[in-house]
Amino acid sequence: MNKVSLLELLASVESGAVSPAAAVDRLANLPFEDIGHARIDHHRSLRTGLPEVIYAQGKVPAQTAEIFARMAASGIDVLATRADDATVIAVLASTPAAVHHPKARAITLRQSAGTEAKGHIAVLSAGTSDQPVAEEAAVTAELFNTKVTRLYDVGVAGLHRLLAVREQLADADAVIVCAGMEGALPSVVGGLVGVPVIAVPTSVGYGASFSGATALLGMLNSCSPNVSVVNIDNGFGAAYTAVLITHASQRRI
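Numbering (numbering that gives the first Met the number 0), first residue to last: 0 to 252.
Heads up, a few of these hints could be off.
Unchecked claim - With a Cα cut of at most 25 Å, we get these calculated SDA-like pairs of lysine to any residue:
#1 K102 x A68
#2 K102 x A61
#3 K146 x I75
#4 K58 x R81
#5 K58 x I88
#6 K117 x L49
#7 K58 x S210
Keep in mind that the hints were calculated from the coordinates and are not lab data.
Only a predicted model underlies this, so the values are computations on that prediction, with no experimental measurement involved.
Produce the entire structure from the sequences given, and follow the hints as far as they go.
What follows is the structure in structure tokens.
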């Protein structure tokens, strides 16, 4: 349930197309639906503008599949992140219209087709090894109705690669930068653009990278004041925040 679907339901009641009793049945699961192993927050879109998202890691496949199907039945766009092969099989069996994004380890169901995209996010990866995290961010932002430009393998070891896409960067309302190793790329990007830069440290690198901790600390100490940082490998969190930023900027225009 989101603002658009709620307004449509209320309009249907007003016109007589839907009875008050039927509307009550459709609203019965607000604000959440208790299915035993989870309490699905169907009310979240009304509060925050974006629906609840399923974090599949740690759940058994059948649990994720049931949550996914219940959310799909409510008519919203659905996203499950960190889905392994067994979870993908279970979700696609219960919701055949869902789409698997292997590199992002995500499963999506788009039910708001035809809605105009709000805002533009550029998603960058320093290297090819950072692409799985970048793809998680890109898939999330696209599902949440935002235009995405992917600019991959533009790390600081070959700075000319980044400068070659500077015009594409300039068109974005927010930029997500995924980088491992020493995590230098977000600072460089922050100095090139006049929009928020959300840095995502990845767990890519040799021993002294400490599974992304080195990149995380480097990004937290960025000298570019427009750089903010999310947790290691958290492409989803970066995209969620970037979408809220771009959607808010569109409302002010």
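Now for the hints, and whether the structure bears them out:
no.	hint	in the structure
1	K102 x A68	holds, 22 Å
2	K102 x A61	holds, 22 Å
3	K146 x I75	holds, 19 Å
4	K58 x R81	holds, 10 Å
5	K58 x I88	holds, 14 Å
6	K117 x L49	holds, 13 Å
7	K58 x S210	holds, 24 Å
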